[in-house]
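Colleague: Here's the letter readout for the chains.
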Amino acid sequence: MSQSASAVINPAPSEPPTRRSWGITNPLARFLIVRFLLIFPTVFILVTMVFVLMRSIGDPITAALGGRLTAAQLAERISSAGYDRPILVQYFEYLGQVFTGNFGTAITDGRPVSELLVTYGSATLELAFYAVLVALIVGIPLGMVAAYFRDKWPDAVLRVAAILAYATPVFFAGLLLKLVFAVWLKVLPVAGRASTRTELQLSTLEDKTGIYLIDAFRLGSPAAIGDVLSHAVLPGLALGLLTAGIFLRLVRTNVIGSLSMDYVDAARSRGVSEYRLVRKHAYKPALIPIITVIGLQIALLLGGAVLTETTFEWKGLGFKLVEYLGARDFVAVQGIVVLLAVIVALTNFIVDIVAAIIDPRVRY
Amino acid sequence: MTTTPSRFVAVWRKLPIVRQVRQSVGLQRGMLVAGLILTGIFLLTALFAPLLAPYGFSQLRDDDGAFGAQVPPGGAHILGTTVGGYDVLSRVIWGSRTAVLVIVVAVALSIFAGVLLGLVSGYLGSWIDRVLVVISDAVYAFPTLLLAIVAAIAISGGQSSFWGGVFAAAVSITVVYIPQYFRVIRAETVRIKSEAYVESAKVIGSSTPRIMFRHVFRNATRTLPLIFTLNSSEAILTLAGLGFLGFGIEPSAAAEWGYDLNKSISDVTSGIWWTSLFPGLAIVLVVLGITLVGESLNDLADPRLRTRRRADQSAPVLETAALSTVDLDDDSNPIDPLEARS
Numbered sequence: 001m002s003q004s005a006s007a008v009i010n011p012a013p014s015e016p017p018t019r020r021s022w023g024i025t026n027p028l029a030r031f032l033i034v035r036f037l038l039i040f041p042t043v044f045i046l047v048t049m050v051f052v053l054m055r056s057i058g059d060p061i062t063a064a065l066g067g068r069l070t071a072a073q074l075a076e077r078i079s080s081a082g083y084d085r086p087i088l089v090q091y092f093e094y095l096g097q098v099f100t101g102n103f104g105t106a107i108t109d110g111r112p113v114s115e116l117l118v119t120y121g122s123a124t125l126e127l128a129f130y131a132v133l134v135a136l137i138v139g140i141p142l143g144m145v146a147a148y149f150r151d152k153w154p155d156a157v158l159r160v161a162a163i164l165a166y167a168t169p170v171f172f173a174g175l176l177l178k179l180v181f182a183v184w185l186k187v188l189p190v191a192g193r194a195s196t197r198t199e200l201q202l203s204t205l206e207d208k209t210g211i212y213l214i215d216a217f218r219l220g221s222p223a224a225i226g227d228v229l230s231h232a233v234l235p236g237l238a239l240g241l242l243t244a245g246i247f248l249r250l251v252r253t254n255v256i257g258s259l260s261m262d263y264v265d266a267a268r269s270r271g272v273s274e275y276r277l278v279r280k281h282a283y284k285p286a287l288i289p290i291i292t293v294i295g296l297q298i299a300l301l302l303g304g305a306v307l308t309e310t311t312f313e314w315k316g317l318g319f320k321l322v323e324y325l326g327a328r329d330f331v332a333v334q335g336i337v338v339l340l341a342v343i344v345a346l347t348n349f350i351v352d353i354v355a356a357i358i359d360p361r362v363r364y
Numbered sequence: 001m002t003t004t005p006s007r008f009v010a011v012w013r014k015l016p017i018v019r020q021v022r023q024s025v026g027l028q029r030g031m032l033v034a035g036l037i038l039t040g041i042f043l044l045t046a047l048f049a050p051l052l053a054p055y056g057f058s059q060l061r062d063d064d065g066a067f068g069a070q071v072p073p074g075g076a077h078i079l080g081t082t083v084g085g086y087d088v089l090s091r092v093i094w095g096s097r098t099a100v101l102v103i104v105v106a107v108a109l110s111i112f113a114g115v116l117l118g119l120v121s122g123y124l125g126s127w128i129d130r131v132l133v134v135i136s137d138a139v140y141a142f143p144t145l146l147l148a149i150v151a152a153i154a155i156s157g158g159q160s161s162f163w164g165g166v167f168a169a170a171v172s173i174t175v176v177y178i179p180q181y182f183r184v185i186r187a188e189t190v191r192i193k194s195e196a197y198v199e200s201a202k203v204i205g206s207s208t209p210r211i212m213f214r215h216v217f218r219n220a221t222r223t224l225p226l227i228f229t230l231n232s233s234e235a236i237l238t239l240a241g242l243g244f245l246g247f248g249i250e251p252s253a254a255a256e257w258g259y260d261l262n263k264s265i266s267d268v269t270s271g272i273w274w275t276s277l278f279p280g281l282a283i284v285l286v287v288l289g290i291t292l293v294g295e296s297l298n299d300l301a302d303p304r305l306r307t308r309r310r311a312d313q314s315a316p317v318l319e320t321a322a323l324s325t326v327d328l329d330d331d332s333n334p335i336d337p338l339e340a341r342s
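Chains A and B, in that order, are what the protein sequence lines are.
Under full-length UniProt numbering, read the first sequence as residues 1 to 364, first letter to last.
Under full-length UniProt numbering, read the second sequence as residues 1 to 342, first letter to last.
No wet-lab data here; the hints were simulated from the structure.
Since the structure is predicted, the reported quantities are computational estimates derived from the model, not experimental observations.
Careful: at least some of the hints might be erroneous.
Pairs of lysine to aspartate or glutamate residues, derived as EDC-like cross-links and limited to a Cα-Cα distance of at most 20 Å, are as follows [claimed, not checked]: (1) K263/B - E313/A; (2) K152/A - E323/A; (3) K315/A - E199/A; (4) K186/A - D207/A; (5) K208/A - D265/A; (6) K263/B - E323/A.
Make the full structure from the sequences, and use the hints.
Modeller: Here you go:
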C-alpha cells in the first residue's frame, strides 16, 4: 500500500493519459510493469544509503582490523583491496558487482557473502515461517471473535491484549518465555536451532536445504524432528505473538465493517448460523485488505527477526548482521542489507499484484 | 438548573487533553485515562529521577562498599542488582529520563525535517516531488530497526558522553521517522493546494513561501499531535531495540532499558529474573500508556469512530469502526481513514 497510497493521493491529473502508455493498452499490464520497475529505484536507494552511511566512518579494513595491524600493514591491505581509490569509483564498482550477484568476501571470516546469505537466510526464513504460522493461528480467529463481540467484554480484553502484544518488545517477550518455559519449567530448550547432536546428524545430510525442519524430515529421524520443533517453539511464539496482535486488530476492524453490510442481515434473516455468518459471510470479503496488509508486515517481521534471533541465538541473518556490525565487517553488512531490501521490495511488488488482481479499483 | 461555569472551568474544559477526556465515554474513556495515568507517571519519573532513584545510574558502590553483582531483590536494593553491579531500581528510574530525552529530540527533528520536505514536495511538485516520494517510499518500506542500526553505527563513532549518546540515538531514530511525517504532510499539502483559499491567496498576489508556510502549513499540520503520540511509542521501542542489540547509549553515559535487557540474556539462563523483568516492564508500561493515549485521541478525533454518549444513541449510529486507522499495522497514513481504505 505504500506506493499505491501515495499514488492515489496524487493521481497526476494534469498529464494527458496517452502520453505515458508506451503502446501498452491493457491497464493491468501497465500497472504491473510500472510496479515492477519501481523495485529497482527502491533497492538502488537503499543500497546507496547503506554504502554512504558505511563509508562515512572510514574504510572497512581499518574498521575491522584497526587495532591489530601496524599502520604500514593496514595501508597495504587497504590499497590491495582498492579502498584508497576515489569513493565514486568504488561506489560504481560496488554497484556493478551487486548487479551481477557478487557481494564480495566477508572481511572477518573470509567467506563469500553470497554463501553467507544462503546459509543464514534459510534460517531466518524458517523462523519467519513459524512466526507467521503462529500469527495466523492466533490472530485471525481472535480477531473474528473480537469483531463479533464488538464493544462487549471479550472485545475489550482482546483489544487490550493486542495493544499489549504491540507494546511488548519482542526480545522482552522472548526473555520471559525463556525464563518460564526453559528455565523454570524446563520443558523447552533455552536457545539455538537444534541440539548439538541433531546439528551433527543434519550436517551429514547431502545437499542440505538449510531449513532444519525439512532436513530433519529427510533424515527420517523422529528424535531429530522433535528436537528441531522444540527449539522452534519459543522463538516462533515470541515473534509470532507480536505479529498476531497486528493481525487481530486488522481482522477485527475489517470484519466489523463487513458484518454491518446488508447481505449479512439478509443471511441472518434466512437463518444462517451466527458462526457461519462470521466465518463465511463477513470474513471472506474482509480478506482483501487483510491480505495486502499482512504482506506488508514482512518489513516488521524482518526487524523483529533480528531481535528474536539475538535473544534465542538463532543463527540467522539478523543474528549474523549484529555480529558483523559488532566486528565492523561492512562488506558482509552491505550484503545482508541488500538482500533484505530486495526481499522487502519483492514482497511489496507481490502484494501490489495480489491487490490489483483481487480488487479492480486498485488499478487506475 | 444549570449553573454557568466559572471562567477558569471554561478554559480548563477547552484544554486539549481535558476536552477529549470529557468527550469520551465508557471503555474509550477508561483506555484514555489509563493511558494518561501511565504516561503521566512516566514523565514525572523522568523529571524527578534524581530524587526518586536511590543510587546513580552508573553507581557501583556506596559507603558500605561495592553493591555486588546479581544481588536478589530486597534489603538495600529493592529490585536487586545487575550482572554489572548496578542497582536495578535506579537504572529503571534513570532510564525513563533517557527515553524521554531521546523521544523529544528524535520526534522534534523528524517533524521539522518531515514537515519541511513534505510542504516543499507537496506544494512545489515537479521532479523534486517525484524524487522525494520515491526515496521516502524506499526508506519507509525498509525495516525501521535495521535502518536505525545502520544509522547508529555511522553516527555514534565513539560518542560516549551523555548528550552525544542521546543525540546519536535520536538522530538514528529520526532517519527512520522522517518519511512518515513527510508522507502525511505531503498528502495533506497536495489536498490543500487545490482549496479555494489557496487560490484566493494566489490571486491577491501572496508570495509562494507565504502561502506555503502560512496557509498550507497551518492546515496541513492539524493531525501532527496524533502522529506524534503514536510515533513516540514506536520510538521507544526502536531505542530499546538499538540498546538491546548493543548499538545504543553507553551504560556509563546513561541508563537505557534495552541495554540492561541485553545484559540480562545470560542471567535468564541461570534463573535470575529481576535483571530482565523490571526494565522490560518499564518499556511495556510506557509504550502501553502512550499507545492507549494515541489510539484514544485518534478515535476521538474522528467523529465516526467516537463512541457516543447513551443519550445520543437513540439515533442510529453509523457502523464505521471499520475505518479505524490506528497505525499499529503500519499500513498507511494513520490519520485519514478514507485514504487508508482507498
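Colleague: Keeping to a limit of 20 Å between CA atoms, is the pair of K315/A and E199/A held or broken?
Modeller: With a Cα-Cα distance of about 12 Å, the restraint between K315/A and E199/A holds, given a limit of 20 Å.
Colleague: Between the alpha carbons of K152/A and E323/A, is the straight-line distance 20 Å or under?
Modeller: Answer violated: K152/A to E323/A is near 47 Å, above 20 Å.
Colleague: Run the distance test for K263/B versus E323/A: straight-line Cα separation, threshold 20 Å.
Modeller: holds, 16 Å
Colleague: For the pair supplied as a hint, K208/A and D265/A, is the alpha-carbon distance within the 20 Å limit?
Modeller: violated, 54 Å
Colleague: Run the distance test for K186/A versus D207/A: straight-line Cα separation, threshold 20 Å.
Modeller: violated, 34 Å
Colleague: Take a quick look at whether K263/B and E313/A sit within 20 Å of each other, Cα to Cα.
Modeller: Holds, because 14 Å separates the two Cα atoms, which is no more than 20 Å.
Going through the hint list in order, the structure does not satisfy hints 2, 4, 5.
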